[in-house]
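Q: Residue-level listing of the chains:
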Amino acid sequence: AAGVIQSPRHLIKEKRETATLKCYPIPRHDTVYWYQQGPGQDPQFLISFYEKMQSDKGSIPDRFSAQQFSDYHSELNMSSLELGDSALYFCASSDMTGTTYEQYFGPGTRLTVT
Amino acid sequence: DAKTTQPPSMDCAEGRAANLPCNHSTISGNEYVYWYRQIHSQGPQYIIHGLKNNETNEMASLIITEDRKSSTLILPHATLRDTAVYYCIVRVANDYKLSFGAGTTVTVRA
Numbered sequence: 001a002a003g004v005i006q007s008p009r010h011l012i013k014e015k016r017e018t019a020t021l022k023c024y025p026i027p028r029h030d031t032v033y034w035y036q037q038g039p040g041q042d043p044q045f046l047i048s049f050y051e052k053m054q055s056d057k058g059s060i061p062d063r064f065s066a067q068q069f070s071d072y073h074s075e076l077n078m079s080s081l082e083l084g085d086s087a088l089y090f091c092a093s094s095d096m097t098g099t100t101y102e103q104y105f106g107p108g109t110r111l112t113v114t
Numbered sequence: 001d002a003k004t005t006q007p008p009s010m011d012c013a014e015g016r017a018a019n020l021p022c023n024h025s026t027i028s029g030n031e032y033v034y035w036y037r038q039i040h041s042q043g044p045q046y047i048i049h050g051l052k053n054n055e056t057n058e059m060a061s062l063i064i065t066e067d068r069k070s071s072t073l074i075l076p077h078a079t080l081r082d083t084a085v086y087y088c089i090v091r092v093a094n095d096y097k098l099s100f101g102a103g104t105t106v107t108v109r110a
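Line by line, the protein sequences are chains L and H.
Under my numbering, the first sequence has 16 at position 16, and the numbering climbs by one with no breaks.
Under my numbering, the second sequence has 18 at position 18, and the numbering climbs by one with no breaks.
Chain L with its partners taken away, still in its complex shape:
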C-alpha cells in the first residue's frame, strides 16, 4: 500500500539559511499534519491542513510557514534557521471522510542546522 512520502530524507543547512520540506500524503487523504521531534524529545504538533486550508496550528515559530497545494501535497518552509531547529520533521496524513481519523506518518526528514 502507498505510504506518506517525505523529501528530502536528510538535509543539512547552516544558520540563517532557509529550508523547504515536502510531504506527499497517501492518495485520497485530504488532511496533512506536520510534527517536529527534537533530539530525545517526543513529537510536537506544528500545523495541519484540511482540503488546502489551514485547520489547526500548534507551537510553530513565525519563521516557519506551510501550505497544502491543489494536489494535496504540502510544504513546510523554514527561514532564518537556528541551531535549535535541528530535529526530525514528520508529516502525517489522514482521511477525514472516514470514522477513525488515524494518522499515517511518513519516514521523516532529518534536518541538521550547523
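Treat the hints with care, as some may be off.
Claimed, not checked - 25 Å max Cα-Cα, derived SDA-like pairs, lysine to any residue:
(1) H:K52 - L:Y101
(2) L:K57 - H:Y46
(3) H:K52 - L:G98
(4) L:K57 - H:K3
(5) L:K57 - H:E31
(6) H:K3 - L:T99
(7) L:K13 - H:K52
(8) L:K52 - H:Y46
(9) H:K52 - L:D95
(10) H:K3 - L:G58
(11) L:K52 - H:N94
Hint data in this document are derived by calculation from the structure and do not stem from the laboratory.
Bear in mind that the values here come from a model prediction, so they are computed numbers and not experimental data.
Once you have looked at the hints, place chain H on chain L.
A: This is chain H only, laid out in the frame that chain L set:
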C-alpha cells in the same frame, strides 16, 4: 497539563503478552484513547483506539476501564520488533492533532 500518565519503561519477554498501562483520570466523555508507537526514530505508527468499549485488531487489544480513567494496551505475543516507545494519547472528538506526551519505552528481550 499532561492528559495521560504512563510508566517510563518496561521490559517484556519475547512471546509473552505485554500489558501497557495508561492513566487518563481527567478524560472527558467526548475524548478518545489512541495508542501509537515509534520504533527508533521512524514515523509513529497507529495501533488502536477506543472510546469506552474494549477494542481488538490485528496488532493489539485495548481494555478501557468502566470509569474510563485508565486503559491497558495488550500486545498478545511480543516480538523483538515490538521494541518501541508506546504513546497513549487522549484526543477530543473534534480536535484531530495528536499531543504526544512521555510514552513508555518497551524493550522486548529474547
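Q: Holds or violated: K3 of chain H and T99 of chain L, Cα atoms, limit 25 Å.
A: With Cα atoms ~23 Å apart, K3 of chain H and T99 of chain L stay inside 25 Å; holds.
Q: Just to be careful, I want the Cα atoms of K52 of chain H and G98 of chain L compared with a cutoff of 25 Å; is the pair within it?
A: Roughly 19 Å between the alpha carbons, so the hint for K52 of chain H and G98 of chain L holds.
Q: Mind checking the alpha carbons of K57 of chain L and K3 of chain H for me, to see if they're no more than 25 Å apart?
A: 19 Å, holds
Q: Next pair to validate is K57 of chain L with Y46 of chain H; report whether the Cα-Cα distance is within 25 Å.
A: Status holds; Cα separation ~22 Å.
Q: Is the Cα-Cα distance between K52 of chain H and D95 of chain L 25 Å or less?
A: 23 Å, holds
Q: Taken at face value, is the distance from the CA of N94 of chain H to the CA of K52 of chain L at most 25 Å?
A: 18 Å, holds
Q: Do the alpha carbons of K3 of chain H and G58 of chain L lie within 25 Å of each other, as the hint requires?
A: Within the cut-off at roughly 17 Å; holds.
Q: Please verify whether K52 of chain L and Y46 of chain H have alpha carbons no more than 25 Å apart.
A: 24 Å, holds
Q: Verify the proposed pairing of K57 of chain L with E31 of chain H, using a straight-line Cα cut of 25 Å.
A: With Cα atoms ~20 Å apart, K57 of chain L and E31 of chain H stay inside 25 Å; holds.
Q: Between K13 of chain L and K52 of chain H, is the straight-line Cα distance small enough, at 25 Å or below?
A: With Cα atoms ~47 Å apart, K13 of chain L and K52 of chain H exceed 25 Å; violated.
Q: Does Y101 of chain L sit within 25 Å of K52 of chain H, going by the straight-line distance between their CA atoms?
A: 17 Å, holds
Comparing the model with each earlier hint shows a violation of hint 7 alone; every other hint is respected.
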